[in-house]
Amino acid sequence: MENESKHGLLGQNQGSADATLLSLIEELSGCHDNREVLRVSTAYMRKEFPGYSFFGLLLSDPEDHYWSFLAVANPDAPDKQGVELSHLPTDEPIDPILVEFGKDVSNEVTHDAALQALLANGEDELYMTQGPDLGRLAQALDVHASTLIGTRWERPRGGRGWIFLGYQEQVGFSENERKLYSMIVRVTARMAIYPEMVHEVARTERMGMSLRRNIVHDLKTPVTVIRGYAQTMLIPGVVDDPQTQRELLTGIIEQADRLLDDLKDILMPLDDAWRPQPEEFDLNVVLHQAVIAERHTERAQNHRIQLDAKVGQCAVYLDRRKIRRVLENLVSNAVKYSPGTGKTVTVHLTFDDKEVSVSFRDEGIGMNPEQLERVLLEGGRAVDRTLGIEGAGFGLDSCRKVLEAHGGRLDALSEPGKGSTFTAVVPRKLRI
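In terms of our numbering, the sequence shown opens at residue 571 and continues consecutively.
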């Protein structure tokens, strides 16, 4: 059933359609981030195709293995669905926005052959009213619609992109309307490349700075631990004990392996597109290794590191290497930010069937609320460099990103002059 009177294009000649596209291009050229691109594009959609419930973006990675979907609500529709446009962040590339605010529909798309064929191998335009294809797609995207119109484009870096309009009722589109809709989508996609390029340049600059900071921060820890093990072996009588000698040499080998792993991480720094590579392991064992390694560093020689761990195996399904680095960073920070002698760092591990919590309490300099917020949200430094505490704050920022990528978080409590407590919280099993 067609309802052509709903749409603004009906009755337009080619000249007025061209004028619409030229006006769209002019407005898009002034956009500096993707939220602005979406604001302009949806304004034209509401003008030409009023009454839709949501404006949907469906994007895949270059191999079509990972698909994510974001529905942006039409503020003028009584039955709107999706995220309010004003809630989306500015100055962010579109992919991280979809990861944070959208829905991972990889399983629904890749495990449904008909849906995969429809999206990855089918036509460049889709116009569907009630039927099995619409039902399959709406269920996968977790939306309600009686009409969907969509246009596909090839993304500049590979992968596919779809933009949909979803209506709660059956709506008809004339041939001219479909053409205009398709052109608006393609113009929007091409014009959005400019702010993406700006972000790419900024990201490249940040990566260069991160690379330099990573070399100093991340490589120093394993080198320091190796040096500590080697110095311990020089103590008279230590090498006479075969078991102690074996443990120290094993530690040196493990840290050398970690050094190679860290080099890989430095060449591929964490960004918003990073995804954990989970495996099963005992977090209790990894935490013990991190504490023992820190005890062998020179900076910890005048400190007491007390491990208070719940007895028993703590089996988890997480990214072992990244979680280990989080634990090592947090325990090393607790020692570094407790200058002086005789200080105690307490590491406390608790877990239940669903969640793991590891807290690191120090007796250090502490932070006021403004410093704590800067450290947690901006990855900055909390203390003056004249205190001689090394590091650029990047380690803590990396910890937060790793934990959030696992569905966890980094909590913190601090008081100037009384120390800080940082707590890493993660689910025991990463949900893929």
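Simulated from the structure, these hints should not be mistaken for lab results.
Beta carbons are placed, not taken as given, at the ideal position from N, Cα and C, and that holds for glycine.
There could be a bad hint or two in this list.
Claimed, not checked - When the alpha-carbon atoms are kept at most 20 Å apart in a straight line, the in silico EDC-like pairs for lysine to aspartate or glutamate are as follows:
1) Lys-673 with Asp-634
2) Lys-971 with Asp-661
3) Lys-924 with Glu-868
4) Lys-999 with Asp-923
5) Lys-988 with Glu-933
6) Lys-673 with Glu-633
7) Lys-999 with Glu-925
8) Lys-906 with Glu-849
9) Lys-913 with Glu-933
10) Lys-673 with Glu-693
11) Lys-650 with Glu-739
12) Lys-971 with Glu-662
13) Lys-673 with Glu-933
14) Lys-617 with Glu-745
15) Lys-924 with Glu-974
16) Lys-650 with Asp-634
17) Lys-749 with Asp-674
Stated by the list, open to error - Simulated restraints on C-beta separations:
18) Gly-910 with Arg-1001: 39 to 45 Å
19) Asp-646 with Leu-829: 53 to 59 Å
20) Glu-985 with Asp-703: 58 to 64 Å
21) Asp-831 with Asp-682: 45 to 51 Å
22) Glu-943 with Thr-802: 35 to 41 Å
23) Leu-830 with Asp-682: 51 to 57 Å
24) Met-753 with Gln-859: 35 to 41 Å
25) Leu-983 with His-714: 48 to 54 Å
26) Ser-593 with Arg-845: 51 to 57 Å
27) Arg-845 with Thr-802: 25 to 31 Å
28) Val-881 with Gln-686: 46 to 52 Å
Numbers of unmet hints, in rising order: Result: hints 3, 8, 10, 13, 16, 17, 21, 23, 24, 25, 26 and 27 break, sorted rising.
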